[in-house]
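> Next come the chains, spelled out residue by residue.
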Amino acid sequence: MSEQGKYRPLTYFQLMEVTLRELLVEKGIVTEEQIQAEIDEMRARTPERGARVVARAWVDPEFRKRLLANGSKACEELGLEIPALKLVVVENTPQVHNAIVCTLCSCYPRVLLGIPPDWYKSRNYRSRMVREPRVVLEEFGLKIPENVQIRVHDSTADMRYMVLPLRPAGTDGWPEERLAALVNRDSMIGVAVPKSPT
Amino acid sequence: MADARFRPGDRVRVMQAYPLGHIRTPYYIRGCTGTVERLCGAFPNPEELAQMRDGLPAQPLYRVRFLQKEVWPDYRGNPADVVEVEIYQHWLEKT
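Those sequence lines, one after another, are chains A and B.
When the letters of the first sequence are read in order and numbered with numbering that gives the first Met the number 0, they come out as residues 0 to 197.
When the letters of the second sequence are read in order and numbered with numbering that gives the first Met the number 0, they come out as residues 0 to 94.
The set of hints was computed from the structure by calculation and includes no laboratory data.
Keep in mind that a hint or two might mislead.
To give a feel for the contact side, a few chain B residues facing chain A, derived at Cβ under 10 Å [what the hints assert, rightly or not]:
#	residue
1	I22
2	T24
3	R37
4	C39
5	G40
6	F42
7	R64
8	R75
9	V81
Each pair of labels, with its calculated beta carbon distance range [unchecked claim]:
#	chain 1	residue 1	chain 2	residue 2	range
10	A	W118	B	K68	23 to 31 Å
11	A	V58	B	D53	40 to 48 Å
12	B	H89	A	E16	30 to 38 Å
13	B	G8	A	P60	25 to 33 Å
14	A	P115	B	M0	25 to 33 Å
15	A	L14	B	E92	44 to 52 Å
16	B	A79	A	E25	56 to 64 Å
Result set (DSS-like, lysine-lysine): computed pairs, CA atoms no more than 30 Å apart in a straight line [to be verified]:
#	chain 1	residue 1	chain 2	residue 2
17	A	K194	A	K120
18	A	K5	A	K120
19	B	K68	A	K85
20	A	K120	B	K68
21	B	K93	A	K85
22	B	K68	A	K142
Note that CB positions come from ideal geometry on N, CA and C, so glycine has one too.
Start from the sequences and build out the full structure, keeping to the hints where you can.
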């Protein structure tokens with residue numbers, strides 16, 4: 000919705016959304032309250048959830064192993080419900096950098112990262128990330144050394160992916176909460192890396 | 000669920016087919032050869048679900064790893080760079 004106070008007629012898709020929603024309510028399939036609760040829940044999901052998972056994996060090697068073996072199950076330990084088998088966590092190492100894209104639409108680990116950024120859904124990112132990932136990452140300000148392997152993950156079907164970034168140097172002995180604050184959304188998509196504290 | 004015909008490490012080729020409908024196999028990977036990285040489980044066939052059918056038996060779903068330089072002959076970058084794509088079994092054939 001425009002916040003500029005200027006009247007604009009609904010677009011085709013906005014009209015379709017309103018029509019469908021009103022029909023579902025009229026027919027008693029869902030209530031306005033249920034729709035609002037779902038929207039609230041969607042807004043409550045933010046990248047801080049993913050950051051908690053990353054920080055736990057950095058401090059707890061056993062948790063890290065479980066997370067890489069079965070992402071959904073490991074997240075349950077932190078009280079995060081993810082449908083069975085769906086979450087695949089891919090780990091960055093000094094030799095491998097991972098990045099996530101969905102070339103077909105905009106599949107995204109919403110449970111852990113919230114609503115995807117607009118660029119993630121753009122045709123530009125979706126088409127070029129699989130074709131010239133090094134160039135795209137440089138446009139994000141991330142230069143991956145030539146000797147590091149890049150793995151691009153195209154989430155074309157039922158899995159959802161999250162990158163487990165490398166723990167930055169200079170954070171030895173940090174508590175989980177402090178580590179989590181270093182982890183931003185883009186580093187869990189793989190278009191950035193957490194910065195060392197200075 | 001349909002039996003899983005491939006294992007991690009198997010070389011597989013993605014079918015070069017262009018059926019109409021809701022297809023989750025990206026165009027750019029059709030006809031390419033890669034290596035099975037893992038079996039993700041089995042899921043109702045999305046091509047059938049899109050037609051309001053049940054999609055059963057569930058189709059094994061694999062993550063297949065492709066070398067970028069084999070997908071894009073003019074790829075520039077580390078020759079070890081890869082792209083991994085989820086592909087349903089009925090789109091894969093043994094090489």
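> All hints are to be evaluated individually against the structure, with a verdict given for each.
Structure-based check of all given hints:
1. With a least beta-carbon distance of about 9 Å to chain A, the hint placing B/I22 at the interface is held under the 10 Å criterion.
2. The interface hint given for B/T24 is met, as the beta carbon of that residue sits about 7 Å from the closest beta carbon of chain A, less than 10 Å.
3. The beta carbon of B/R37 is positioned within 10 Å of a beta carbon in chain A (closest approach about 8 Å), and the interface hint is therefore held.
4. At about 6 Å, the closest approach between the beta carbon of B/C39 and any beta carbon in chain A falls short of 10 Å, and the interface hint on this residue holds.
5. A cut of 10 Å between beta carbons decides the hint on B/G40: the least distance to chain A is about 5 Å, and the hint holds.
6. Taking 10 Å as the C-beta contact cut-off toward chain A, the hint placing B/F42 at the interface holds, the least distance being around 5 Å.
7. For B/R64, the suggested interface contact is upheld, since its CB lies about 8 Å from the closest CB of chain A, less than 10 Å.
8. Using the Cβ-Cβ criterion of 10 Å, the hint placing B/R75 at the interface with chain A is satisfied: the shortest such distance is roughly 7 Å.
9. Taking 10 Å as the C-beta contact cut-off toward chain A, the hint placing B/V81 at the interface holds, the least distance being around 5 Å.
10. Checked against the hint of 23 to 31 Å, the C-beta distance between A/W118 and B/K68 comes to roughly 27 Å, which is consistent with it.
11. Against the hinted window of 40 to 48 Å, the Cβ-Cβ separation of A/V58 and B/D53 comes to about 44 Å, which satisfies the hint.
12. Between B/H89 and A/E16 the Cβ separation comes to about 34 Å, which falls inside the hinted range of 30 to 38 Å.
13. Between B/G8 and A/P60 the CB atoms are about 27 Å apart, so this pair conforms to the stated range of 25 to 33 Å.
14. The beta-carbon spacing between A/P115 and B/M0, approximately 31 Å, falls within the hinted interval of 25 to 33 Å.
15. Distance hint for A/L14 and B/E92: a CB-CB separation of about 45 Å, consistent with the stated range 44 to 52 Å.
16. For B/A79 and A/E25, the Cβ-Cβ distance of about 57 Å falls inside the hinted range of 56 to 64 Å, so the restraint holds.
17. Taking the CA atoms of A/K194 and A/K120, the gap is about 25 Å. The hint holds against a cut of 30 Å.
18. A hinted pair counts as satisfied when its Cα atoms are at most 30 Å apart, and A/K5 with A/K120 qualifies at roughly 27 Å.
19. Pair hint B/K68 plus A/K85 holds up; C-alpha atoms about 29 Å apart against a cutoff of 30 Å.
20. The suggested pairing of A/K120 with B/K68 holds, with an alpha-carbon distance near 25 Å, which does not exceed 30 Å.
21. The straight-line distance between the Cα atoms of B/K93 and A/K85 is roughly 26 Å, inside the 30 Å bound, and the hint therefore holds.
22. This hinted pair checks out: B/K68 and A/K142 have alpha carbons roughly 20 Å apart, not beyond 30 Å.
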